[in-house]
Amino acid sequence: MTDAVLEIDRISKRFGAVIALHEASLAATAGELFGIAGRAGAGKTTLLRICAGVLAPDGGQVRWRSLPFDPVSRAAIGYQPAAGGLHPDMTVPDQLVYRGTLHGLDTNESHRRAQMWLDRFGRRALRELRIATLTAEERQLVALIATLLPDPTLLVLDEPFAGLNRAGVETVVDVLRERALAGVPVLFSSNDFDLVERYCDRAGILRNGQTVAAGSVTELTADRARMVRVDAPDADPDWGDSVPGCRMVDVDGSRVVLELGPEADDQAVLAAAMATGRVREFTLLRRSLGELFDVAGDAR
Amino acid sequence: MLVVARREFRARLWSRRVLASSVLVLVLLVVFLLLQAFVFGAVKPIRVGLAGQAIALADGLPQETASLGVTVAVSQVDSVAEGVAAVRAGRLDVLVSGARAALHVTVDNQLDPQLRTTLNGLVRQQVLDAQIAQLGVRPQDVLSRVDQAQISLTQLNVTDPNRPQAIAVGVLTGLLVTLSLALFAGLAVRQVAEDRSRGTAEVLLTVLRPRRLLAGGLVGLGAAGFVHLAAIGAIGALIALIAGVVSVPGSVLVAVVGGLLWYVLGFALFGTACAGLAGRATEHRRLLAWLGGGLCVLFTVGTVLVANDPAGAAEATLSVLPPFAPVLMPARMAVGVAPGWQVLLAIALSLLVLAGLAGLVGRGYGRSVLGR
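Which chain is which? The protein sequence lines are A and B, in order. Letter 101 of the first sequence, counting from 1, is numbered 101 in our numbering, and no numbers are missing. In short: position in the second sequence from 1, add 300, done, that's our numbering.
Only chain A is shown next, with the shape it has when bound in the complex:
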């Protein structure tokens, strides 16, 4: 991919006998939300840690604008770990200013930005509170603000939506989309495939430390197999297999689930079902990204 600003090129990482990543490759472009999806233990956190420079890979390379990361470009990364990275003993403003000064901002500028972001999220009241007293959702938002505060050129977020309700997710997505439109690649991990499918421009799917699939969400979901659920009580038990391009994948009494091949037509299936007699149900089923991932993983 020629317009990629962040290239993760065949990264491998091993912890003792455990292979956390094996030649995982992804690429993110400027101005997009890139989701890394995978089940627990898939290697998402290790991959993000390597992207953020927290861990060094055993093999492969992470490149930023075609060059290996150096300390200067690494300092411009905004990284939010899954645990949040907050100090419970600090007040919210102190925590935010601390993160600003860590990235070289002076105290006044850090204060100004902290106030601006708290206002942006409608959380001005948090200025009086200690981190230890915040709810899980508030902590997640403060962690995100702390990450955004230094105005990073790359955002690497590990499970940034964990603990957020639907409204919180929408707010965070709006902000991340805004940063993406400003040219900042936003890389985040999630084990919620639906969330990745719903909000990301592009996604990479990890399984057992390997990249199972990567590309635009449209591309990834275009290949998924179409299925229909049909309840035809008068039909023979194996009627579905006789429909051209179809394969029966599940039978539950008179209800069957048929997988439609690329050449199959759902209207032809409906016609075939009606030809057997009564049709109580005819439902088009869409496979989610998660199901696609599992299928793709099993196929490997």
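It cannot be assumed that every hint is accurate.
A partial selection of chain A residues facing chain B, derived with a Cβ cut-off under 7 Å [to be verified]:
no., residue
1, Val-54
2, Pro-81
3, Ala-83
4, Gly-85
5, Thr-101
Each pair of labels, with its calculated beta carbon distance range [stated by the list, open to error]:
no., chain 1, residue 1, chain 2, residue 2, range
6, A, Asp-58, B, Arg-306, 34 to 42 Å
7, A, Asn-208, B, Arg-511, 31 to 39 Å
8, B, Leu-649, A, Arg-130, 42 to 50 Å
9, A, Ala-167, B, Leu-324, 46 to 54 Å
10, A, Arg-130, B, Ile-535, 26 to 34 Å
11, B, Leu-652, A, Ala-167, 58 to 66 Å
12, B, Val-548, A, Ala-125, 53 to 61 Å
13, A, Thr-107, B, Val-527, 16 to 24 Å
14, A, Asn-208, B, Val-527, 48 to 56 Å
In short, the hints are calculated from the structure, not lab data. Glycine is no exception: its CB is placed at the ideal position from the N, C-alpha and C atoms.
With chain A held as given, fit chain B onto it using these hints.
Showing chain B alone in chain A's frame:
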């Protein structure tokens, strides 16, 4: 690194755990010093009542007894009967009555042996004066000649009379340094565990190399411990001097300065080791227990050695070796038995071990603090 150090310093300096520990140590120290000054160390004078002709001893008796290390509080009573009643009632310890050459002493139970010697001496002196006067010689001339006649003395081992006091100051210094090391090296373990669980180490590692992260945390934590120990040492020293528990101010100054110096070196050693072990450990409580137990053993061994023979070969050898030096050397410095070369050797060895330890711990700290 300084940003991290400053945060840790501020967070730990005023943390409840540290404040509570410091206040507890300070209270125990002050109570100990005050008890030493006014209860254990206070000399209770023997209350002596003088009746009749014995009232003439009122000026000389305190001086005579003081030369034997006995303090008396002399008072006059109007009659022997009144004096006996006062002894029975416990208002007097001793009643002295009668002529100077035939003193009679009344006590409730036991007469202090030193006081008995003094009073016997006074009676004999009175009798001797009378006998000399009968010979037509001035008693003062004879006594002057007698006083000049003394033995000549050769001391093979000169014991500093302030040694017991210096040993007490040394042990107390070692105890305070040990407690500070246990508390703040323990906090280094907690810091690593918390950095791991909260993800703060991950955030810091994006802008800091692992060694600088380790150094920043330890510098901040160590500085907070230094301030607490300095405050405890200063307050303790001030109270000890004001209450008269310590009669040699110089030894207190050496104890405070030496204690702080060895706290810094000790924390650098134990803090680095603990941070390194904490990065790899899964059971931090067990590690804290080992740290506390280890320091307790070091202090106990050191206390026994310092109390028995602070200048001994075993004590001197152990006090220059890094694991023991931070606990034993400040005690020996306070006692005044650590030559300069031993102190410098101990510092050099500690710095050498620290350099090796920092290299070893720093190498794997990044991964270990992430829990991998």
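How the hints compare with the structure:
1. Val-54: holds, 4 Å
2. Pro-81: holds, 3 Å
3. Ala-83: At 3 Å from the nearest chain B Cβ, A/Ala-83 passes the 7 Å test, so the hint holds.
4. Gly-85: Cβ of A/Gly-85 sits 4 Å from chain B, so the hint holds.
5. Thr-101: holds, 5 Å
6. A/Asp-58 - B/Arg-306: 34 to 42 Å: holds, 35 Å
7. A/Asn-208 - B/Arg-511: 31 to 39 Å: Given range 31 to 39 Å: holds, Cβ gap about 33 Å.
8. B/Leu-649 - A/Arg-130: 42 to 50 Å: holds, 44 Å
9. A/Ala-167 - B/Leu-324: 46 to 54 Å: holds, 48 Å
10. A/Arg-130 - B/Ile-535: 26 to 34 Å: Taking Cβ atoms as reference, A/Arg-130 and B/Ile-535 lie about 31 Å apart, which means the hint holds.
11. B/Leu-652 - A/Ala-167: 58 to 66 Å: Given range 58 to 66 Å: holds, Cβ gap about 60 Å.
12. B/Val-548 - A/Ala-125: 53 to 61 Å: The hint (53 to 61 Å, Cβ to Cβ) holds, given that B/Val-548 and A/Ala-125 are roughly 60 Å apart.
13. A/Thr-107 - B/Val-527: 16 to 24 Å: holds, 23 Å
14. A/Asn-208 - B/Val-527: 48 to 56 Å: Check passed, 51 Å falls within 48 to 56 Å.
The structure agrees with every numbered hint stated previously.
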